[in-house]
Amino acid sequence: KVTWKVQSHWPKASGSFNDSLGALAKQLEERTAGRFKLEMYGAGEIAKDREIYNVVRRGVVPMGTISPGYILGEAQAMGLFYGVPGTLRESWEMMHLTKNLGIEKMVNDELKPKGVVVMGDKAYPTELVLKKKVTSLADFSALKVRSAGTMLEYLAAAGASPQQVAGPEIYQAISTGVVDGAHWGAAIGALSMKFWEVAKYHMKPALGFANDTYIVNVAALDKLPADLRLQFVSLVEERYFLRSVEYLHQEALALTTGKAKMGVEVVQFPDEVLKKFADASQAILKKEGAKGDIAAKGTKALTGLMSDLGYV
Amino acid sequence: MPVELITLLFFGSLVLFLFIGTPLVFTLGGISVIFLFFTMGPVGFYIVASKFWDSMMSFTLIAIPMYVYMAMLLEKSGVAQDLYRMMHVWFGSIRGGLAIGTVAICAIFAAMSGISGAAVVTMGTIALPRMLERGYDKQLAVGAINCGGGWGILIPPSILMVLYALLTEVSVGRLFASGIGPGILLFVLVSIYIGVRAWLQPSLAPALPVEERGDWSLKIKSLKAVFLPLFIVMLVLGAIFGGFATPTEAAALGVFGALVSSAVHRKLSFAVLNDAAMQTLRLTALIMWILFAAHAFSTAYTTLGANDLMNHLMTLIPGGQWGALAFMLLVLLLLGMVLDPVGIMLITLPVFLPVVKAYGWDPIWFGVIFIIMMEIGYMTPPFGFNLFYLKAVAPPEVTMHDIYLSVIPYVLVTLVGVLILIMLPEIALYFPNLFFGEAR
Amino acid sequence: MLKLARTITSINKWCARIAAWLIMPMFALLMADVIMRYVVGSAAIWTAELAQLIFGVYAVIAGGYLLVERAHVNVDIIYGRYSAVRKAKIDLATSFLLFLFLAVLIWQGTDMAWESAAKLETSSSIWDPQIWPVKVAIPVAGVLLLLQAFVRIASDIRTVMGIENDPDVFGKQANDEPSH
Ligand code: NA
Ligand code: NA
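Chains as they are written, first to last, in the working numbering: chain P, 1 to 312; chain X, 1 to 440; chain D, 1 to 180.
Hints may be right or wrong, so weigh each one.
[As the list claims (entries may be wrong)] Across the chosen pairs, the derived CB separations fall in these ranges:
#, chain 1, residue 1, chain 2, residue 2, range
1, D, Leu-120, X, Asn-433, 45 to 55 Å
2, D, Trp-114, P, Ser-307, 22 to 32 Å
3, P, Ala-138, X, Leu-223, 43 to 53 Å
4, P, Leu-253, X, Asp-308, 30 to 40 Å
5, X, Pro-42, D, Lys-119, 47 to 57 Å
6, D, Lys-89, X, Pro-42, 51 to 61 Å
7, D, Ile-153, X, Leu-412, 36 to 46 Å
[What the hints assert, rightly or not] Looking from chain P toward chain D, a few residues come up when the C-beta cut is under 10 Å (computed):
#, residue
8, Arg-58
9, Gly-69
10, Thr-135
11, Ser-136
12, Leu-137
13, Ala-138
14, Pro-162
15, Gly-167
Honestly, the hints are just simulated from the structure, not real lab data.
Note that this is a predicted model, so its numbers are computed, not measured.
The beta-carbon is built from N, C-alpha and C at its ideal position, and this holds for glycine as well.
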């Protein structure tokens with residue numbers, strides 16, 4: 001019998017804690033007839049944010065969930081695994097890039113010697129929520145938007161003024177006008193963080209697609225009995241696709257709730273803004289590719305996909 | 001070993017070493033290390049360093065040195081003394097007037113900051129000496145600051161409310177708004193308590209002798225002491241509610257205001273800046289080391305099986321909604337004596353919420369009650385952040401014994417407030433309904 | 001021996017004197033954040049993060065100085081009534097908690113900082129500064145506190161033996177009155 005402590009980066013009440021990690025734990029227990037259990041910890045109970053990477057790598061806990069955005073420096077292709085803003089337009093493209101075009105494997109080739117591997121949990125969109133309606137490039141350029149990580153760079157390159165505001169202060173910052181908007185995932189994030197109460201305009205298309213991921217200690221994985229390891233690995237692999245599409249369904253439900261009950265209006269970015277986005281993403285992509293040989297290989301896979309899709 | 005027994009050993013050793021007189025940091029840190037070793041082995045030790053790093057990188061904590069520095073400057077430049085002289089001239093004829101004025105300032109301060117530590121240290125620095133030198137009873141004065149200083153997490157903005165909202169998926173805006181009514185309620189209750197107590201026992205909070213009260217011209221003249229503090233309050237609140245700054249950034253504006261005030265008082269010198277900076281470092285370091293160790297401590301308890309204990313406790317919950325509510329309040333009161341509020345939240349909320357939903361209670365209303373229970377936790381012995389922060393700033397004649405005893409009446413008064421809230425939920429729900437419409 | 005104790009005590013005092021002034025850059029950076037957002041239109045990407053990094057060092061580095069000043073808060077309800085000698089005996093008896101805590105903190109903090117420095121760890125933000133120096137502050141602060149703890153042990157032993165201790169050498173001393 002095996003029990004693993006799992007440190008999640010989601011709060012215990014959040015949708016993904018239950019629908020991603022909770023569902024995985026339940027199915028794992030069923031399939032192994034109770035021989036393999038996951039003991040789940042909510043965000044911050046043992047560690048949070050990028051410290052989750054460190055506690056898993058050191059074997060304090062054998063497993064965690066994490067956003068690749070916390071650990072961009074740990075592998076050349078981590079930026080691609082996290083998702084480059086403005087490159088892909090649909091969730092399946094991200095799933096395809098991650099699993100079939102080898103990005104996850106490229107990341108793991110570098111992570112494995114450090115003692116961990118990542119296994120994708122889901123691909124999900126990132127969308128902007130604003131309190132002002134944007135109808136022109138001038139409107140967009142006047143925006144102060146709360147952002148973080150690569151997305152911050154992207155929004156700046158497209159002409160907006162991205163701001164850094166600590167997580168607990170975002171809601172207040174939007175409501176008082178310190179910033180004009182923010183992104184936290186897409187519709188589900190906006191609903192759970194209550195952004196729509198203070199910012200009614202939900203912007204489409206998505207700024208980009210990102211992966212959430214499981215992270216597992218290699219030694220702990222190797223120590224599992226062969227049959228349990230096989231059950232675990234194949235279940236996580238299968239869940240990536242199931243969960244990613246289920247998530248899109250939940251996104252749609254969240255947005256419908258917002259429109260029906262909170263007066264949310266879906267607004268398309270004007271063409272001139274989209275053009276700025278396209279330029280910005282090319283610049284970021286170039287920078288990603290310059291991180292090294294593996295990153296160049298990954299970037300080539302991404303641009304190849306984009307050209308097959310007719311995006312470039 | 002059953003989790004109940006571990007829990008007993010864990011908190012038992014905390015209380016034992018605390019009462020022997022071992023400094024809090026070493027008690028929390030040492031016990032964490034011992035228990036981490038027994039549950040996870042040496043690999044668990046990393047948690048200690050990890051928790052240090054987490055707290056060092058917590059942006060909202062920067063408000064602590066900012067507000068402490070502000071308080072030190074106001075104290076050393078004489079601005080705080082002038083303010084209290086003014087309050088004494090105006091309200092000196094009322095027994096307990098100075099203490100009531102102090103809790104009023106606490107309430108204003110609570111609207112300026114989202115954490116509780118800053119207010120306690122600030123008011124302990126500028127208000128406590130003023131009350132003691134005017135013959136106020138130690139326990140009455142200390143308790144007032146202990147209690148009022150904790151309102152920072154109840155009156156918006158509040159970091160703890162954001163955490164509650166995140167864990168329960170309720171609206172931050174509604175929860176913020178729902179803290180206003182109870183904040184006023186507690187202010188009124190505490191003021192009534194001080195007023196009645198001072199009226200019954202004049203020696204505890206003496207009125208100014210008639211011959212010292214001064215005439216109207218003195219009263220008017222003393223009013224100019226209000227301008228500088230008022231300027232700082234307007235600056236900070238204006239920046240927060242005018243959308244110029246987040247509450248943490250606004251704390252820097254408090255320092256700016258204090259620098260300007262010191263300059264106006266012609267007290268802005270290298271010596272003042274340096275003295276204030278030394279004391280600020282000392283208090284911030286003291287608060288942060290307690291926080292580091294406290295976070296390691298609650299994480300150690302989590303890995304010991306706090307969740308199992310909670311699940312076991314839930315099976316003990318008596319039937320009926322009042323029984324369940326009373327039971328949960330009791331658990332919060334007991335945990336509040338020995339654990340830090342963030343730890344309590346992470347441990348209890350996931351198991352309490354299903355109960356809240358099952359009985360159809362408004363999670364906003366429960367949230368306000370929960371936050372007030374956390375505020376009580378900040379001030380209940382033996383382990384309470386407000387107690388230790390006050391000990392750190394209070395004059396030497398105030399012992400821990402005084403501080404522990406001082407909170408008893410204020411905890412009772414706050415519990416009366418909780419009872420009123422349970423009977424009249426409208427007090428909490430009036431403002432959110434006013435601002436956001438009736439709950440769906 | 002006395003010379004060593006005096007050196008350690010004064011190192012901790014000087015660390016605090018210097019660190020105390022870090023309040024100024026933190027204040028200035030936060031102000032710059034607010035002002036630039038409204039005057040120039042957008043805040044610089046590095047101000048808030050730099051303030052955070054400075055705060056990290058500021059928060060942790062004065063642990064040893066607190067021990068010099070006997071400023072780590074304790075509960076003095078029983079302790080306060082004891083004589084200085086008895087206080088010293090109790091401190092000696094419970095010092096294992098302090099040493100366990102510091103041993104683990106320094107060991108794990110060094111491990112964490114070493115790993116971070118070895119890969120020149122950066123913050124992954126858009127400014128992406130090196131953060132390993134702030135991680136190094138953890139074991140450094142731990143060692144400063146540990147050294148001062150050794151000084152405190154020596155002073156406690158001397159107190160039990162009935163020898164007077166000079167505060168400039170051994171830090172602030174307990175007295176027979178209820179302590180603060
Ligand atoms: Na507040
Ligand atoms: Na308490």
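Taking the hints in turn, this is what the structure says about them:
For the hinted restraint 45 to 55 Å between Leu-120/D and Asn-433/X, the CB-CB distance of approximately 54 Å keeps it satisfied. Look at Trp-114/D against Ser-307/P: about 44 Å separates their beta carbons, and that is not inside 22 to 32 Å. The beta-carbon spacing between Ala-138/P and Leu-223/X, approximately 49 Å, falls within the hinted interval of 43 to 53 Å. With their beta carbons about 34 Å apart, Leu-253/P and Asp-308/X fall inside the hinted range of 30 to 40 Å.
Between Pro-42/X and Lys-119/D the CB atoms are about 23 Å apart, so this pair departs from the stated range of 47 to 57 Å. For the pair Lys-89/D and Pro-42/X, the supplied restraint of 51 to 61 Å is violated, since their beta-carbon distance comes to about 31 Å. A beta carbon spacing of about 43 Å between Ile-153/D and Leu-412/X agrees with the range 36 to 46 Å that was offered as a hint. A hinted interface residue such as Arg-58/P counts as satisfied when its beta carbon comes closer than 10 Å to some beta carbon of chain D; here the least separation is about 9 Å, so the hint holds.
With a least beta-carbon distance of about 7 Å to chain D, the hint placing Gly-69/P at the interface is held under the 10 Å criterion. Using the Cβ-Cβ criterion of 10 Å, the hint placing Thr-135/P at the interface with chain D is not satisfied: the shortest such distance is roughly 20 Å. Because the smallest distance between the Cβ of Ser-136/P and any Cβ of chain D comes to about 18 Å, over 10 Å, the interface hint for this residue is violated. Nearest Cβ of chain D to the Cβ of Leu-137/P: about 16 Å, over the 10 Å cut. The hint is violated.
The closest approach between the C-beta of Ala-138/P and any C-beta of chain D is roughly 14 Å, which is over the 10 Å cut-off, so the hint fails. Hint on Pro-162/P holds. Least Cβ distance to chain D is approximately 8 Å, under the 10 Å limit. The interface hint given for Gly-167/P is violated, since its Cβ lies 13 Å from the closest Cβ of chain D, which is over the 10 Å cut-off.
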